[in-house]
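Undergrad: Under my numbering, the first residue of the sequence shown carries the number 28, and numbering increases by one thereafter.
Take these hints with a grain of salt, some might be off.
[Claimed, not checked] Computed spacing ranges between beta-carbons, pair by pair:
no., residue 1, residue 2, range
1, G87, E34, 58 to 68 Å
2, E95, V117, 29 to 39 Å
3, S60, A37, 45 to 55 Å
4, D81, R122, 38 to 48 Å
[Stated by the list, open to error] Distance condition first, Cα-Cα at most 20 Å in a straight line; then the derived EDC-like pairs of lysine to aspartate or glutamate:
no., residue 1, residue 2
5, K78, E95
6, K151, E140
7, K151, E139
8, K33, D43
9, K78, E63
10, K152, E140
No lab work stands behind these hints, which were simulated from the structure alone.
These numbers were taken from a predicted model, which means no experiment stands behind them.
From the three backbone atoms N, C-alpha and C, an ideal C-beta is built for every residue, glycine too.
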Amino acid sequence: MIKEFKEFIARGNVLDLAVGLVMGSAFTAIVNSLVEFIITPIIVALTGEAKIEDLSMDIGKASLQYGEFIQAVINFFLVALVLFFIIKFVNTLSRRIKPEPEETPVEAPTVEELLEDIRDLLAKKDTD
28 MIKEFKEFIA
38 RGNVLDLAVG
48 LVMGSAFTAI
58 VNSLVEFIIT
68 PIIVALTGEA
78 KIEDLSMDIG
88 KASLQYGEFI
98 QAVINFFLVA
108 LVLFFIIKFV
118 NTLSRRIKPE
128 PEETPVEAPT
138 VEELLEDIRD
148 LLAKKDTD
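All chains should be modelled from the sequences, with the hints used to inform the complete structure.
TA: Given below as structure tokens:
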């Protein structure tokens, strides 16, 4: 059982996942910093509120705190945007390093050729 566990941990996929998780958490800190120190002040200037997280609306005795949701949506879109640009950059770089092979058009057999093949197969079957 220990041997199987060692084999599982030594697989490339598990190590790639661990590296991705560490990089993701570091990337999250960068995005949170961007939102908190750059985007939030812009929204504060537009709304007049001190923090986006503090945006709320009272409905009777309940308080609808939509600021936290807006903050999470901003973070999500920023992460998605940055990941899009990173993947686009990596794909462009990989195409420059290793160009894709040219595709040669495959010629489909004509109807006559297919009929000849069927005739030959039937003739062979009859002789067997």
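Undergrad: Check the structure against each numbered hint from earlier and tell me which ones fail, lowest number first.
TA: 3
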